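Construct the entire structure; sequences and hints are all you get.
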Amino acid sequence: MITARRVVQFGFLTLTVAGVFLFRGNAERWCPFGGVEALHTYVTEGNLTCSLAVSNFYILAGVLVMTLTLRRAFCGYMCPIGTISEWLQRGVARLGVRPVRLPYKLDRTLSLLKYPLVAIILFFTYKTAELVFRGFDPCYALISRHGEDITFWAYVVSGGIIAGSLIVVMPFCRWLCPLAAVLNPFSRFGFTRITRTEEACVDCGKCAVACPMAIPVNKVRQVTAARCLSCLSCIEACPAGETGAVSWGPPGLVGRRWPVGILIAVLLFCTATAVAASYLFPLPSFTKTRGRKPAETATAELAIHNLACRGNANLLMYYLERDDMFEIPGFIKLEAWPGPGTARARITYDPLRCDEATIKHAITEPYYDALGGLWRLSPFQIEGYDPLGTTEGDTTRDP
Amino acid sequence: MQHKVVVNLFVGCVVLASVPALAGPAEDAARAFADGKALLAEAKFDEALKAFVTAARTDVGNQEYHQTFFMLRQVVRMRKRIQRKQGPDQWMSMARALRTFYHDHRIYSESLPLDRKIHEQHLAPDSAVMLAETLLALDKSAEAIEVLGGLGKKDASPRTSVLLGLAVARQGRIDEARALAGKANVGNDAGPRVFYELARLRAATGDSQGSLEALTRSFELTPPSRLDVLRAEAKDCTDFSAFASSADFTKTLKTQSSIEESGCSKGSTCGNCPKRATCGCGKE
Ligand code: SF4
Chain A
1 MITARRVVQF GFLTLTVAGV FLFRGNAERW CPFGGVEALH TYVTEGNLTC
51 SLAVSNFYIL AGVLVMTLTL RRAFCGYMCP IGTISEWLQR GVARLGVRPV
101 RLPYKLDRTL SLLKYPLVAI ILFFTYKTAE LVFRGFDPCY ALISRHGEDI
151 TFWAYVVSGG IIAGSLIVVM PFCRWLCPLA AVLNPFSRFG FTRITRTEEA
201 CVDCGKCAVA CPMAIPVNKV RQVTAARCLS CLSCIEACPA GETGAVSWGP
251 PGLVGRRWPV GILIAVLLFC TATAVAASYL FPLPSFTKTR GRKPAETATA
301 ELAIHNLACR GNANLLMYYL ERDDMFEIPG FIKLEAWPGP GTARARITYD
351 PLRCDEATIK HAITEPYYDA LGGLWRLSPF QIEGYDPLGT TEGDTTRDP
Chain B
1001 MQHKVVVNLF VGCVVLASVP ALAGPAEDAA RAFADGKALL AEAKFDEALK
1051 AFVTAARTDV GNQEYHQTFF MLRQVVRMRK RIQRKQGPDQ WMSMARALRT
1101 FYHDHRIYSE SLPLDRKIHE QHLAPDSAVM LAETLLALDK SAEAIEVLGG
1151 LGKKDASPRT SVLLGLAVAR QGRIDEARAL AGKANVGNDA GPRVFYELAR
1201 LRAATGDSQG SLEALTRSFE LTPPSRLDVL RAEAKDCTDF SAFASSADFT
1251 KTLKTQSSIE ESGCSKGSTC GNCPKRATCG CGKE
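Here the protein sequences line up with chains A and B, keeping their order.
Note that the numbering used here gives residue 311 to position 311 of the first sequence, counting from 1, and the numbers run on in steps of one.
Note that the numbering used here gives residue 1010 to position 10 of the second sequence, counting from 1, and the numbers run on in steps of one.
What the hints contain is simulated information worked out from the structure, not anything from laboratory work.
A quick note: this is a predicted structure, and the numbers were derived from the prediction, not measured.
Glycine included, every Cβ here is placed at the ideal spot set by N, Cα and C.
Some hints here could point you the wrong way.
Quick list of simulated restraints, FRET-style, between CB atoms [to be verified]:
id, chain 1, residue 1, chain 2, residue 2, range
1, A, Leu102, B, Ile1259, 45 to 53 Å
2, A, Asp386, B, Ala1043, 54 to 62 Å
3, A, Asp369, B, Asp1189, 18 to 26 Å
4, A, Ala163, B, Asn1062, 52 to 60 Å
5, B, Gly1187, A, Ala298, 26 to 34 Å
6, A, Arg346, B, Ser1225, 26 to 34 Å
The structure is reproduced here in structure tokens:
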């Protein structure tokens, strides 16, 4: 069963590394904590910071379902930081260096650190609508290929995690991880759990020693601790093995001893469903509405070049709300999916007051910024629309 | 051997012959664009527009041609619209937009009637400054003195004093201009335009060292994106002609901006960011 977990860990780590370094993708869009950070801005303002996408919400939902069924299996099987941290420790253990085991009370006290940390991160992120701590994030340093806003401190934190992992088992995951702080309340009610059959237990204590999260498995009947990774190391360590005193499954339901294959199947199902949903139901990552919806509305679906980020979507809104000769009288709503290259935008308008041509003019024509006393040129080009085409014959004709 | 030379000569001729054919449209477009610029400088808007549309249609990938055409097309439309009957706010916003365009392209003769009308309606220090700027650009210093002199004491500012000094200097009253330059009280918090005009005033009164100092400050305070426009204006400004060929002036023209164009907020405050159209944050 441990081999199966290692294979899954290796698979997700390889996927992350290949996605980031080989395919140069934006792995940040698949971070569940990104979903937590983006939630407030999305609900209150209807948009997301540049590097995040609606996929963050889908993956967060997938991880929450996973946590409600498999507890913190995401940390034990999928998270690259968890895998690297755990494998580093195993590496030094092979060289004969035994991990330091902190006194139980100290370990529990340190594990509380992640709650004020997540509170601080979310408070400032929600307040500023920016990923203010991204520059310090060791995971972001990895998945952004040393992104522009990475600070020296991200590497200090990374160094700390690496050094700490050589001494203690998964210190970041236990004490500091903000995602763990979010998952723990859900994990507490996790459907499956580790059960120890006291009658069969020989009280060797090996399960507790093997537990990377320092859970005293040998002292409880059921592991209800939120931090359980469902890693099944305790079962593996039991001298009687899979048929021994420690088992995994949903207690009191359809038999408590479940094969590890189910665990992995649920894990992969949650992940695949979240990924598929983000492609099948791509909600707009930027929505802004103006005025009241009339009885009848029409929509213009446009492919716009240079609608790269939230900033440019804000700028597009600025063009749609312009108050000069290219004003759109019946403009109602902008829904956009900003991204590199050509991005999609859906514009809802009142067909009795304007038409698609008016919208296209408004998006592509320069405007005078009275505040700055400057003429600004539109950075947007609409696919399939030739603004020069409107000038056939009389080049000065009003649209 | 001889055969090889003939083949090489033939290939060379084909390549040479194809160069003009390949470069043709781009060159035609560049020519049309240059014609458009020249026509625009002469305030021949409709002709310039036709030249720009030719450039944009000939070299379809050139964004500069497209954008220049779009902007002029809008200015031409605005010039027509402003003649029609409309509300004062609408008129004022169009007038200001047109005035900015005229000044950016140094078509001061077109700006003058607008500036006069704006000042007539407002009679405010900033409308007086706008009108005086245009009058000075058109060498109408006597009228500029009248406009600025018409401002009350409470409306006087470093900028009005500097412009008044410049107008006075143009009238040959150098001592009076020097006194105004001394009294102008241009503080460190003044904007780049005030320093630029102070540089012109000092140059007009023979203080080349002081002029270069003010010019340097003006460049330092100008955002990087506007620096080239100001450099070109300084190069062509007759007030600096006394030392325009000096090494110090050349060195001053190379002064870099010391202000930041505004850092990227990664989306939360893009609405007013001057780089928002080109920053491309979020691009992979
Ligand atoms: S209790 Fe067992 S399954 Fe849970 S973390 Fe510890 S070793 Fe892993």
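Hint check results:
1. A:Leu102 / B:Ile1259: 45 to 53 Å: holds (52 Å)
2. A:Asp386 / B:Ala1043: 54 to 62 Å: At 29 Å between Cβs, range violated.
3. A:Asp369 / B:Asp1189: 18 to 26 Å: Given range 18 to 26 Å: holds, Cβ gap about 23 Å.
4. A:Ala163 / B:Asn1062: 52 to 60 Å: holds (55 Å)
5. B:Gly1187 / A:Ala298: 26 to 34 Å: violated (55 Å)
6. A:Arg346 / B:Ser1225: 26 to 34 Å: holds (32 Å)
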